[in-house]
Every structure is written in C-alpha cells, then in structure tokens.
Amino acid sequence: MTATVTRLVAEALPQTPAQALALAVAGIVALIVVGLLLTRLLVQAGGRQNARALRVLDVVLVPLVVVFGIFLYIRLQEIVPLG
Amino acid sequence: MADRFSGFVRSAPRPDPIRARGFEDRAAVLVGALAAGLLVVAELALLLGGLVPGTLGHGIALLGLIALGLARWDHPEGRLSVALAVVPVLRLASIALPAVIVPEYLWYVLIGIPSFLAVSLAARALELRPADLGIRRAPLRDAAILAAAGAALGLAGFVIGEPDPLPTGISIAEIVLTSLALVVFGALLEELLLRGLVQRVAAELLGSRAVIASAALTGLLYAATLNLRYVVFMVAIAVLLGLVARRTGSIAAPVAGHAVLLWTQLVLWPLVLG
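Quick note, the sequences are listed as chains S and H, same order.
Numbering-wise (our numbering), the first sequence opens with residue 1 and increments by one.
Numbering-wise (our numbering), the second sequence opens with residue 1 and increments by one.
One chain only, chain H, in its complex shape (with noise of 0.2 Å):
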C-alpha cells in the first residue's frame, strides 16, 4: 500500500546475483562430476567385469549423459555431457563390431564410421561449426615440427606400449590398407573427438583447464591397454596436442603429429624390429 502511494511498484524479489552464481557454479560442479563419473564407472565395468558390464555400463553412461544434456542444455555442462555421450557411442561400436570374419584393419574403419557420425551429429546439436572443430589451416611449421615429434615418439610408444607384431605374411595392401585406417579412423577420430569437440566445449567450462580435461579423458580412454606407463605416455602426448590445438585453434598439426606417432608405433617399428 505504502509503496502504492510513494510511486514505487511492488515487483517479486529478485534472486541474489552472488548467490545465484554459486549455484549455477555447484550445479556446473555436480553435473560435469556426475557426467565424468558415468564414464568411468562405465569404463571401469569393462576393464574389470568384461564385455557384458562393460556394455551395460557404456549403456547407462550414454543414456545418462544424454539426460544431463538435456537437462542443463542451455549450460556448458550440459552441452559438455552432450559432447562426451559420444565416447559410449564409441565404445559400444567398440565392443559389438569386431568380428572373425572381417580383416583387422577394417575393424578401425567399422569402429570409425558410426563414431564420425556421432561427432557430427553432437557439433550439430552443440552448433558448432567445422572451424569450431578446429576443422582448418594451421601454420605448416607447426604440422612439421609435431609430425617429427611423432617420428621420435612412435619409437618411444612402441617400446612402452609393446604392440601385437603384424601378422606373418601381411601384404603391401593390407599395410596400406591398415596405414591409411590408423590415420583416418585413429589419428584423426581421436583429434576431432578429444581435442576438436571435447576440448572445445569443455573450454566453455573450466577455460584454459579444457586441455588436462582432454587429456584425462585420453588417459580414461586408454586404461584399456592395462599398461600404466602407456597410459602416462598417452597422457603427456594429449596435454602436448591439447596445447597445440589450443594455441593454433586447429587439430591440423595434432592430427599430423598423432598420425605420424600411431603409424611409425603401429606399423613401421614392428616391421623393421619385429
């Protein structure tokens, strides 16, 4: 009434900007904690229990993770649930496709094709375009200097990473073949998915942070190896990519780099070292 009569309208309380901030930041908190707890119980379930809980663990994390992005879509923590629903998406590709009855090599490329796709549907939804994705020209000085760094380091990542030898007999086609899907469906999958989109969106989220994120997740996605020091190893090379691609805002040398890495430790060494 008195404020009737002083001029003033009486409106609802607005919320406190200070404490809003806080929750949005706990809320930030608890659902980028929940998000990356579902890949790692998920993942955990697949080291420890096996294909089947593996499986149902990737289910729930991917199922999980498309709910908190539903949840929280107009936040970055919902749009970086978004982006990591396609590592389950990946995984369970993962899990189901290889066979007997198909070559190796084009397991990569089975594993790949649902995996590109996932990642092109979530740089949709996120509206994010190619350039977004770091999808463009990086200084070619920079592409060299990590494709030399990848030379030295495939050395480095076959001694500790000890890979299965190819197989007796292989022909010039099949390493061919197997060269071109480590570069396509390893190197570059990787880059677009780690640094391109994950990278990116978490930036959103904890900043200049983005890149040990990144590189967490690599270190998550490569426990699978059952080797620690490969892990360590994987790890250090996705916090150098992860810097790169930050620096450049391209995964054009971070592609070179890791492509270059994955063949010479997958191919070339055990070739010539058996």
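If we strip away everything but chain S, and leave its shape as in the complex, we get (with noise of 0.2 Å):
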C-alpha cells in the first residue's frame, strides 16, 4: 500500500541538494502543521471540556510533527553538501 505510492514519489525524488532545498511538498507539510498547530492551542484554551476535540486532532497532528521532523533531517542531510 505504501510501495504504490513511493513508486510514483521515486521518479520524481530530488537529485540535487537544490532540487531537495525547493521542494514544495515541504511547504505544503510544514502549512499543514502549523494550522493544526494553531488550532490545537485555541481547543486547548477553550478549557477542559473540549479533550475529547484534542485527542481528536492529535490523531493527525502528532505524526505529521514526527513526518515533517524525519522529513527536515533527510533534507539537511541531502542539502547539506550545499555548505
């Protein structure tokens, strides 16, 4: 089920440390998070009731924090000859 996918995502990977650097999935990921982010503090300063609203959105917002950190790593690792 992922390997359908990361076949589509391999013809396509970045060769090039400036081919990873302007990567706009990246931005689209890091959009993502922040949003969620963003969302997550103003549940959370609506007060105890709303728990239930948090647990909900941490099922996305968690492992997409851990996608984008893994995802930052790979890239300064492949940007990093760039220095």
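Don't read these hints as lab results, they were simulated from the structure.
On a predicted model such as this, the values are computed, not experimentally measured, just so you know.
Even for Gly, the Cβ is constructed at its ideal location relative to N, Cα and C.
It is possible that some hints are incorrect.
As the list claims (entries may be wrong) - Covered stretches of chain H, as calculated for chain S (at least 3 residues, CB under 8 Å):
| hint | segment |
| --- | --- |
| 1 | 58-71 |
| 2 | 90-99 |
| 3 | 129-143 |
| 4 | 254-260 |
Each chain sits in its own coordinate frame; assemble them with the hints.
Below is the structure:
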C-alpha cells in the first residue's frame, strides 16, 4: 500500500541538494502542521471540556509533526553538501 | 390554560422519532459520502496531477475528515471520519519521506512509524482497546490456512503486479531487512489500519457491509499502481481478509496471509524467477 505511492514518488525524487531545497511538498506539510498546531492551541485555550476534540486533533497532528521532523532531518542531510 | 386546569403540563413538542431517525440516516449518508469523496478526490489529484496536487489534496482531505469527525463525533459517521483521517497521514508520509540518500527498505520504516502512531492515536480518540482492533489470538488453523493461501496468491500477485526486480547484488542482510520491513510496515500496518481500525469502526455504521467499505478503501489505495488487474486482485484479497477478520474478531490470520503474500510476491519470486 505504501509501496504503490512510493513508486510514483521515486520517479520525482530530488537528485541534487538544490532540488531537495526547493521541494514544494515540504512547504505544504509545514503549512498543515502549523495550521493544526494553531487550531490545537485555540481548542486547548477553550478549556477542559475540549479534551476529546484535542484527542481527535492529535490523531493527525502528532504523526505529522513526526513526519515533518524526519523530513527536515533527511533534507538537511541532502542539503549539507551545499554548505 | 385548559391544559393546566386539566392537570397536564404543556411541554415543548417532541420530535417525531421516525422523522428524527430519517434525518440522522440522511446526515450519516451525507457525512459518509463526503468523507469517501474527500479521499477519492485526493487520490485522483495524486494520480492525475502529481506530487504537489496530491499533497494539497491529501492535506485538504485530512482537514476535512478531522472537521467531520469533530462535528459528528457522537455518531458512527463522525467516528468513521476520524478513522479515515489516518489515510491522508499515511499518504503525506509516503509522499514526503522517500529520499535518494535513504535505502529503499528504510522508506517503509520511515512511513510506517508515523502511520502506526496515527492508528494508535485514532484508537485512543475512538476509545478502542487493542482487542477491539483485532489484536488478539486467532485459531492457529485459520492463520495456517491463510498463510498457505498467501503463498499461492503471492505467485499470482507476482505475475499480475509485475513488481520491480530486487536490486542487483543485494546482500542477504538487505533481503532480511526488506522482508522484515514488508511484514511489519506492509502487512501488519495495512491490516491494522484497514481491517482493525477502518472495518471495525465502519461496522458501527454499515454493519456487515463494512467488509465492502474496507475492500473499497484497499482498492483506492492500490489505484496508484495504475494496474487495473492488480487493483481488482487486491480488492478480492481484501474481501477475503475482511471476512476472516470479521468471523474471527482478530487480525492475526489476515496479517499471516498478507505477510506471506507480500513476501512471496516481492522477495521470493523476484529472487527465484528474476
């Protein structure tokens, strides 16, 4: 199931540090993470009665923060040769 | 006035239970269709538009499914939306994490870690215990039969799916690591998500038709292979695995069958037949 998309992705992988730096996918994922993070903070400020809403938001927010962290680490490893 | 004197207290008019049920049914159908539609459009954007439209599509689907889940969280369709929100997470990880500098078998590990995390957080949000997800013992006979079926179907999958050959000069250690990655981050993850979580939560809304819903989602996720025969093959397998999961209440046998199928299709037959 994951392999089905990675095959598509493999054809468009950045081959040079500059291409890795200019990857649009990173910006979109970062935007989603920031938006979810702000929503979570707002919901959290709403009080204890929103505990269940926070758990629902965490279903996507926490894994996406992990995705973004791994993503940044890998891209930094690709970009480092530039420096 | 007359009511007060006759001993009755006037109260707010009660909703007609049949009409209220009709509204609930319509709302459930609408939310269910919207949730499925979001995933279909996101997957189409990925297949037809490429990575950036696909990322945008899955980002929108993710936000939409969470919004539906929050709006209807006391209803089966809201719970199903939360369960389905794991799919865009998996897709975003699949799009974002592969890289040239990372060995291919590690891609599945990197994608699998946030996906397992999303499944466990969805189970927590939906108040499902491990046993509710099918993480329990199954009769050994069922697991053995499905594993044997998986071995036979693996050859069919190899012929129909035409997987990429293994890299030339691949070491024994890399074969073992690839096999482990396929079993844990392929078979186990897929069964936990599709049969354990989605089929279980869909059953609250659709009853026995949840097997069809989980098989349809399998077909959608395999559409990226762009191989219609392989998509049909995997949907048929998903129906079989879904029926076994429903009958035994466990995903152990489906995981055994799926693991053997994946391993024979992607490792054994490419090694033997080239």
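We went through each hint and held it up to the structure:
no.	hint	verdict
1	58-71	holds (count 6)
2	90-99	holds (count 10)
3	129-143	violated (count 0)
4	254-260	violated (count 0)
In the structure shown, a violation is registered for the earlier hints numbered 3 and 4, in ascending order.
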